[in-house]
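Input sequences plus hints: build the corresponding full structure.
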Amino acid sequence: MTSAAFTERMTTLASVLGVTTVAGLATGFGALPVFFRHRVTHRIYDAALGLAAGLMVAASVFGLVLPGMEEGTLRAVMAGVLLGGGALLGGNYLIPHLHAEYREWFAEGGATDDDAAVMDPPADDPVAEVATRSDEPDAGEEGDAEPDSIAEDAGILAERESSLRKALLIGGAITLHNAPEGLAIGVAFASGLEEVALLLAVVIGLQNVPDGFAFAVPMAETGMSNLRVIWYTTLSGVVPQVVASLFGFLLVTVAAGLFPVSSGFAAGAMLAVVFRELIPSSHGHGHADAATGAFLVGFVLLVVVDAVIVV
Numbered sequence: 001m002t003s004a005a006f007t008e009r010m011t012t013l014a015s016v017l018g019v020t021t022v023a024g025l026a027t028g029f030g031a032l033p034v035f036f037r038h039r040v041t042h043r044i045y046d047a048a049l050g051l052a053a054g055l056m057v058a059a060s061v062f063g064l065v066l067p068g069m070e071e072g073t074l075r076a077v078m079a080g081v082l083l084g085g086g087a088l089l090g091g092n093y094l095i096p097h098l099h100a101e102y103r104e105w106f107a108e109g110g111a112t113d114d115d116a117a118v119m120d121p122p123a124d125d126p127v128a129e130v131a132t133r134s135d136e137p138d139a140g141e142e143g144d145a146e147p148d149s150i151a152e153d154a155g156i157l158a159e160r161e162s163s164l165r166k167a168l169l170i171g172g173a174i175t176l177h178n179a180p181e182g183l184a185i186g187v188a189f190a191s192g193l194e195e196v197a198l199l200l201a202v203v204i205g206l207q208n209v210p211d212g213f214a215f216a217v218p219m220a221e222t223g224m225s226n227l228r229v230i231w232y233t234t235l236s237g238v239v240p241q242v243v244a245s246l247f248g249f250l251l252v253t254v255a256a257g258l259f260p261v262s263s264g265f266a267a268g269a270m271l272a273v274v275f276r277e278l279i280p281s282s283h284g285h286g287h288a289d290a291a292t293g294a295f296l297v298g299f300v301l302l303v304v305v306d307a308v309i310v311v
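Going by full-length UniProt numbering, 162 is the number at position 162 of the sequence shown; the sequence numbering is gapless.
The reader is advised that the hints may include incorrect statements.
[Said to hold, decoys possible] Taking CB as the label site, the calculated pair distances span: (1) Pro280 x Leu66: 25 to 35 Å; (2) Gly90 x Ile44: 31 to 41 Å; (3) Val243 x Gly286: 36 to 46 Å; (4) Gly257 x Gly286: 41 to 51 Å.
In case anyone wonders, no lab produced these hints; they're calculated from the structure. Cβ atoms here follow ideal geometry from the backbone N, Cα and C, with glycine treated the same way.
Listed below in structure tokens is the structure:
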């Protein structure tokens, strides 16, 4: 490799890291509503999820599948789609009970405190067990009421521990989702498709905002300061996307012929995220029409942005 080619490659790598970092930083913007989170309704949040889903579906088709078919064969791209979707679905089981508890407690950040109050905790929830035992009188002490102050402190502690557990579960889900999105940007840059990479960065950045909100709200309920909530939320978006984009860039750089499979893989993973997480979560609170309308708006918006950027 000549010095000029090496310099060009390093410049492209810097662009990959810079663009992916900016897209990941959008996750931090999603944490800003923690300052007034009680004003965000289910309808608004479901519509935001529908918008993100529409953007991601259009990006998967127009930004990954079609360019992959132009550079390779239909068989290679479709194989990548199946592999990517399978990898995402398989990854769901790496974190025990993640999505069942994630959706029950705080479906994509849409559930309110009132919703959580009427939900039964998982059977193996240690926080629930401790809270239950604290309400039961000890042997030989029946009739002796627990002091109100102790009961109140125990309730606050249990609530904060439960919120922390929610935040960790949702953070794990977001990390699982962000990796294929970063991979898509790295693959596009390494294959010389700068317009596609920019398009994906814009779409992924928009989609990161509701993801950040889903992570930030339960984290804020633990009593953590707002600044720390924003910091950890931002890291949950930046770190996995930057690492995945670097991996995708290096993978295609070493084996340039892998772009069709790699683009299909990223598209399959993104589509799996949409139909496994975003759409079900946006239709679970009685606002399916708002979510569907926002989905269509997102799809059309992406097609228009794609036409403007590519031209």
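Comparing the hints with the structure gives:
{"no.": "1", "hint": "Pro280 x Leu66: 25 to 35 Å", "result": "holds (27 Å)"}
{"no.": "2", "hint": "Gly90 x Ile44: 31 to 41 Å", "result": "holds (33 Å)"}
{"no.": "3", "hint": "Val243 x Gly286: 36 to 46 Å", "result": "holds (38 Å)"}
{"no.": "4", "hint": "Gly257 x Gly286: 41 to 51 Å", "result": "holds (48 Å)"}
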